[in-house]
Amino acid sequence: MKKKLLVLGVLTTMLLAGCGGSNDQAGTDGGKAKPTTFVMGTSNFNGDFYDGWTNSSYDANIRRLVWGGGLLAPTDKGEFVLNTFVESRTMSKSDPSKEVNDIWTFKIKDGMKFSNGDPLTAKDVKFTFDFYLDKKALQDTGATTNLPDYISEVTIDEKENTVTFNLKKVPYAIDSAVFLTFILDSSDIAPKAKEAGLTPQQYVKANMSTPIGYGPYKIDEYVESQYVKLSINENFQGNFEGQKPHIPTIIAQNVPEETKITQLTSGEIDGLTGLVSEDNIDAAKNDQDLSTNNYYRHGGGQITFHTDFGATQLPEVRKAFAYEFDRIKFRNLFLGKYGIASNAPYSRNMWMMYDAGEKLGEEGKFEKSLTSYDLVTADGKWDETANLAEAHRLLDQAASRTDGAYAKLTKKGDKYMWEGKELLINLAITSAWTDAINLTLTKEVQNKFGIKVNVDSMDWSIMANNLYGNAPASERKYNAFTGGTSYSLQYDPYASWSKTQILPFGQGSSSNTSRYVGDEDLLAKIRFANSSTEEGQEQYKENWRKWIVEVNKDLPLLPLYSNNYYDAYTNRVVNFETNALWQWPYAIVKAEYK
Amino acid sequence: MEKEKKQGEKGTFSNVILPYLRYIGNRLLHLIPVIIVISIVIFTLINLMPGDPVLAMINPETTANMSEEQRIAYIETMRKILGYDKTVFVRYFLWWKDVLTGNFGYSVALNKPVSDFIGTYIMNSFKVNIVGFIIAFLIAIPIGIKSAVKKNSRYDKAVTVISMVGISLPSFFMALLLVLLFSAILRVLPFSGMSDPRGVRPDYLYYILPVSVIVLGSLAGLIRYIRNAMIEVLKADYIRTSRAKGLSEKVVIYRHAFKNALIPVITIIGFWIPALFGGSIIVEKIFAWPGMGLLMNQAYQFKDRGVLSTVLLFFAVLTLFANLFVDIGYALVDPRIKARRIK
Numbered sequence: 001m002k003k004k005l006l007v008l009g010v011l012t013t014m015l016l017a018g019c020g021g022s023n024d025q026a027g028t029d030g031g032k033a034k035p036t037t038f039v040m041g042t043s044n045f046n047g048d049f050y051d052g053w054t055n056s057s058y059d060a061n062i063r064r065l066v067w068g069g070g071l072l073a074p075t076d077k078g079e080f081v082l083n084t085f086v087e088s089r090t091m092s093k094s095d096p097s098k099e100v101n102d103i104w105t106f107k108i109k110d111g112m113k114f115s116n117g118d119p120l121t122a123k124d125v126k127f128t129f130d131f132y133l134d135k136k137a138l139q140d141t142g143a144t145t146n147l148p149d150y151i152s153e154v155t156i157d158e159k160e161n162t163v164t165f166n167l168k169k170v171p172y173a174i175d176s177a178v179f180l181t182f183i184l185d186s187s188d189i190a191p192k193a194k195e196a197g198l199t200p201q202q203y204v205k206a207n208m209s210t211p212i213g214y215g216p217y218k219i220d221e222y223v224e225s226q227y228v229k230l231s232i233n234e235n236f237q238g239n240f241e242g243q244k245p246h247i248p249t250i251i252a253q254n255v256p257e258e259t260k261i262t263q264l265t266s267g268e269i270d271g272l273t274g275l276v277s278e279d280n281i282d283a284a285k286n287d288q289d290l291s292t293n294n295y296y297r298h299g300g301g302q303i304t305f306h307t308d309f310g311a312t313q314l315p316e317v318r319k320a321f322a323y324e325f326d327r328i329k330f331r332n333l334f335l336g337k338y339g340i341a342s343n344a345p346y347s348r349n350m351w352m353m354y355d356a357g358e359k360l361g362e363e364g365k366f367e368k369s370l371t372s373y374d375l376v377t378a379d380g381k382w383d384e385t386a387n388l389a390e391a392h393r394l395l396d397q398a399a400s401r402t403d404g405a406y407a408k409l410t411k412k413g414d415k416y417m418w419e420g421k422e423l424l425i426n427l428a429i430t431s432a433w434t435d436a437i438n439l440t441l442t443k444e445v446q447n448k449f450g451i452k453v454n455v456d457s458m459d460w461s462i463m464a465n466n467l468y469g470n471a472p473a474s475e476r477k478y479n480a481f482t483g484g485t486s487y488s489l490q491y492d493p494y495a496s497w498s499k500t501q502i503l504p505f506g507q508g509s510s511s512n513t514s515r516y517v518g519d520e521d522l523l524a525k526i527r528f529a530n531s532s533t534e535e536g537q538e539q540y541k542e543n544w545r546k547w548i549v550e551v552n553k554d555l556p557l558l559p560l561y562s563n564n565y566y567d568a569y570t571n572r573v574v575n576f577e578t579n580a581l582w583q584w585p586y587a588i589v590k591a592e593y594k
Numbered sequence: 001m002e003k004e005k006k007q008g009e010k011g012t013f014s015n016v017i018l019p020y021l022r023y024i025g026n027r028l029l030h031l032i033p034v035i036i037v038i039s040i041v042i043f044t045l046i047n048l049m050p051g052d053p054v055l056a057m058i059n060p061e062t063t064a065n066m067s068e069e070q071r072i073a074y075i076e077t078m079r080k081i082l083g084y085d086k087t088v089f090v091r092y093f094l095w096w097k098d099v100l101t102g103n104f105g106y107s108v109a110l111n112k113p114v115s116d117f118i119g120t121y122i123m124n125s126f127k128v129n130i131v132g133f134i135i136a137f138l139i140a141i142p143i144g145i146k147s148a149v150k151k152n153s154r155y156d157k158a159v160t161v162i163s164m165v166g167i168s169l170p171s172f173f174m175a176l177l178l179v180l181l182f183s184a185i186l187r188v189l190p191f192s193g194m195s196d197p198r199g200v201r202p203d204y205l206y207y208i209l210p211v212s213v214i215v216l217g218s219l220a221g222l223i224r225y226i227r228n229a230m231i232e233v234l235k236a237d238y239i240r241t242s243r244a245k246g247l248s249e250k251v252v253i254y255r256h257a258f259k260n261a262l263i264p265v266i267t268i269i270g271f272w273i274p275a276l277f278g279g280s281i282i283v284e285k286i287f288a289w290p291g292m293g294l295l296m297n298q299a300y301q302f303k304d305r306g307v308l309s310t311v312l313l314f315f316a317v318l319t320l321f322a323n324l325f326v327d328i329g330y331a332l333v334d335p336r337i338k339a340r341r342i343k
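Chain order of the listed sequences is F and Z.
Position one of the first sequence corresponds to residue 1 (this note's numbering), numbered consecutively onward.
Position one of the second sequence corresponds to residue 1 (this note's numbering), numbered consecutively onward.
Careful: at least some of the hints might be erroneous.
To be verified - To give a feel for the contact side, a few chain F residues facing chain Z, derived at Cβ under 7 angstroms:
| # | residue |
| --- | --- |
| 1 | W53 |
| 2 | T54 |
| 3 | G142 |
| 4 | T144 |
| 5 | S225 |
| 6 | N254 |
| 7 | E258 |
| 8 | T262 |
Claimed, not checked - Derived pair list, reagent style DSS-like, types lysine-lysine, alpha-carbon separation capped at 25 angstroms:
| # | chain 1 | residue 1 | chain 2 | residue 2 |
| --- | --- | --- | --- | --- |
| 9 | Z | K80 | F | K136 |
| 10 | F | K123 | F | K135 |
| 11 | F | K136 | Z | K86 |
| 12 | F | K135 | Z | K80 |
Treat the hints as calculated values from the structure; they're not laboratory data.
Glycine is no exception: its CB is placed at the ideal position from the N, C-alpha and C atoms.
Hey, can you work out the whole structure from these sequences and the hints?
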């Protein structure tokens, strides 16, 4: 027995000796020497590190590290400036009668290089746009692009190292729609594709996990479903401030949701971004070895109403439902204390929300002027009496009308009826929402307010098909849907709200998911505001605000929450300044170990 | 004459190995109709999933900002790539043709053919599940035997209590406990993954926790089965006879009793191994271990039909082969069965 115990003891000692120092190797690199590696915990990636195929945000972060931008690159304030390998941009009109400049020419600096040493020239820019403009070749590999909608021709002057774009249209969001496209290394892709007997698109598809870029980092190793290891690209020209990376190695490591916060607090990994749950955020905030950045999400969760179906056709019903729905309680159940709710599709990261002197992230004058769908008591609690009164006022008002769809809403005693039956909203949700929704919309609340809600939990793809209108029209049942949304940096509401984006239900995917028809002229004005002039930007802001007021009034969707995101990381790292518009792959460039 | 007979009985290919091969061949042939029926069930169930399979597989957000023309072209391309432009009947045969040629369809979530990655995931699952099971089996044998031999002793009661605790603990809870103890508190083992991106920690350290969960999860049940089987066998007359013959206790237990006790244990193994792979969905998720469990979990979430059908087929084939091995195991340990089946 003693012998066995001795053997066991020796084996355990050997094992632990083998593990010894594992913590030193972990995130902090231990010791007093300046660490050389930063390990960012992330959810799993697909390994699609080229743009155009799948759209996981975790893959997108790797692309940002590898490329950092296209001809234009983002700033930490969500603006777009010339990338550091571009010398200049000139704009002109193809026809003097045109209102906006539709010919854009970029001059590439001489001597620029990709991370593998290949030259980065105007030829590569043309190759890239030809690559994405070849719709057939692209679609044959399952990729997508919107570039053909904007570009009619791309030409280059090899001697001058310039590339010229003839644009079909110049919407306000042209910068982000076209000129953030990552430039491909033609010297690498073209000959190898030819040698393999493939189209460039097929070649890229087959080599999706080994991209060549010109951004701050280059991929050294990718292990499927585990990690991506990147080292500094010596040919990187710097970010918009001319900053070059300081941390030699970045590892994006797939960490399980169940243990990620413990991995961070124990020093196994160095950072986690986008923490949303109260437990995780509190654990990070209470850890003395961690620093945190927090900001409101540029998007959030919402209930989208189908405004062309059933009782939710009537704005009064939608708004009464909003008053029935205690969003404060819901947020506490769903997120804990880290979240807010807006009253229309906007976020507190949008410059259009603020007047001069107001601070991004805080509630500005314009936001205060909008109708709030949470009537609260003096101490900030949901005021059931006031919300109930407002809901009934709206329903009574609608029931008294007899025109159009209003004729279907009636009042029988103190009950509201739709087509002779009790007023009912069919709400489609996914499983993650079940508890919070059911605990908020209790039977008691439904009975008091007079709008019954049938909540059906289902798979996301089934719900999405109903939401987007892909389901058979004969089986159409749902009036409202839960879901999340993220706003783009340059917000073009036309793409999601124009009536041109609605297909008859059952005949395909409608990107105007609420099927809401509003002021089309206003949407067109927003879309085609001239982003390159101050006047154009002012017009954009003015019209955008008008549109927000309209949507706030008609309520085709009810925002439920916007997370207060926390990014947490080892406090040995400084200058890691993430925000809603400046994700960690951009911010890591300036960061360094103390 | 007797000498010749003995020579003939000695292990020659024709009288020892060939009958086994013939038996295995026969059993494999019997598996074919079973696999066909299972494949029809899997294929039908996957095709019965609600909605247009192509639309269900495409992330609606991917097509949301496309023009109508682009959207239709994209969907039709995907329909063609995924083979959904053909009838269900044709698709079933094409699916079989593809499977037999190593083409398991296309993963929409991972944007690549299933055959490009399925092998790696299968191997990763085998690495933890089979190693874990073998270790559990090797530990369970002596404990189970000792427990049976010393029935109702303190040792036996202690083993019984510990086994009951082990059976009652869900694997995810055990996994999280081990992570908390060895990774978070003692900090001697990594939390998750299969290897160290820094290349400092040896790979084997990454196997310890997931394998431990498999071992602990299997151990308690196996000990119980071995103990119970041994108790039954130890009551048999031939064991009493062996002892009366003056054979040593070691020989009686390990040569005579244990070999016979293996028959019910082998039956259990046949069910255990497929269940082990199914149960590893949670273990693989907690340890971010890219195996079949994790893949199935992802495939289910994304309605990734190509992956889902392959994973289900894998589980079906695994179950069938586990049963085949059980039958071969019976023949190896039980001369009566051998005499009946291996001719």
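Going through the hints against the structure:
With 7 angstroms as the threshold, the beta carbon of W53 of chain F comes within range of chain Z, its nearest partner Cβ sitting at about 5 angstroms, so the hint holds. Because the smallest distance between the Cβ of T54 of chain F and any Cβ of chain Z comes to about 5 angstroms, under 7 angstroms, the interface hint for this residue holds. For G142 of chain F, the suggested interface contact is upheld, since its CB lies about 6 angstroms from the closest CB of chain Z, less than 7 angstroms. Taking 7 angstroms as the C-beta cut-off, the interface hint given for T144 of chain F holds, the closest approach to chain Z being about 6 angstroms.
Below 7 angstroms, beta-carbon pairs count as interface contacts, and S225 of chain F has one with chain Z at about 4 angstroms; its hint therefore holds. At about 5 angstroms, the closest approach between the beta carbon of N254 of chain F and any beta carbon in chain Z falls short of 7 angstroms, and the interface hint on this residue holds. About 5 angstroms separates the beta-carbon of E258 of chain F from the nearest beta-carbon of chain Z, less than 7 angstroms, and the hint is met. Hint status for T262 of chain F: holds, given a least beta-carbon distance of 5 angstroms to chain Z, under 7 angstroms.
With a C-alpha separation of about 14 angstroms, the suggested pairing of K80 of chain Z with K136 of chain F holds against the 25 angstroms cut-off. Proximity of K123 of chain F to K135 of chain F is assessed by CA-CA distance (about 20 angstroms); at most 25 angstroms being required, the pair is judged to hold. The straight-line distance between the Cα atoms of K136 of chain F and K86 of chain Z is roughly 21 angstroms, inside the 25 angstroms bound, and the hint therefore holds. Of the pairs offered as hints, the one joining K135 of chain F and K80 of chain Z holds, with about 16 angstroms between alpha carbons and a cut-off of 25 angstroms not exceeded.
When held up to the earlier numbered hints, the structure conflicts with none and fits them all.
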